[in-house]
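Let the sequences and hints guide you as you build the complete structure.
Just so we're aligned: 54 in full-length UniProt numbering is position 54 of the sequence shown, and the numbers increase by one with no gaps anywhere.
It is possible that part of the hints are untrue.
Taking lysine-lysine and the DSSO-like style, the derived pairs with C-alpha atoms no more than 30 Å apart in a straight line are [claimed, not checked]:
1. K39 x K24
2. K44 x K30
3. K39 x K9
4. K8 x K30
5. K44 x K31
6. K16 x K30
7. K9 x K44
8. K44 x K24
9. K24 x K9
10. K44 x K8
11. K9 x K31
12. K8 x K24
13. K39 x K8
14. K30 x K9
15. K44 x K16
16. K31 x K8
17. K16 x K31
18. K16 x K39
No wet-lab data here; the hints were simulated from the structure.
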Amino acid sequence: MHLCDLEKKEYLSCLKTSGHQSEKCRLFSKKYLECRMEKNLMAKQDMSELGFVRESNSDASGEKVSERIAN
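In structure tokens:
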């Protein structure tokens with residue numbers, strides 16, 4: 001088994017089951033990219049630069065608020 005194979009397979013499986021709607025598989029995509037960075041298979045980069053944002057609980061109106069991840 002290669003490095004990050006499990007994460008890659010989970011992401012690809014999600015894409016297949018979701019009809020290739022990548023937005024439904026963002027968690028798997030993020031986990032895969034984080035694994036690749038941890039194993040030095042790609043350059044380390046801030047997740048916010050890769051399009052990932054963290055949703056905080058909610059603002060005063062009860063709506064979810066997105067903020068950039070400062071990984």
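Quick rundown of the hints versus the structure:
1. K39 x K24: holds, 25 Å
2. K44 x K30: holds, 13 Å
3. K39 x K9: holds, 17 Å
4. K8 x K30: holds, 10 Å
5. K44 x K31: holds, 13 Å
6. K16 x K30: Holds - the C-alpha atoms of K30 and K16 are around 17 Å apart, at most 30 Å.
7. K9 x K44: Holds. K9 to K44 sits at ~21 Å (cutoff 30 Å).
8. K44 x K24: holds, 24 Å
9. K24 x K9: holds, 15 Å
10. K44 x K8: holds, 18 Å
11. K9 x K31: Since the Cα atoms of K9 and K31 sit roughly 11 Å apart, the hinted pair holds (cutoff 30 Å).
12. K8 x K24: holds, 15 Å
13. K39 x K8: holds, 13 Å
14. K30 x K9: Holds: K30 and K9 sit about 13 Å apart, inside 30 Å.
15. K44 x K16: holds, 27 Å
16. K31 x K8: Distance ~9 Å between K31 and K8 Cα, so the pair holds.
17. K16 x K31: holds, 17 Å
18. K16 x K39: holds, 26 Å
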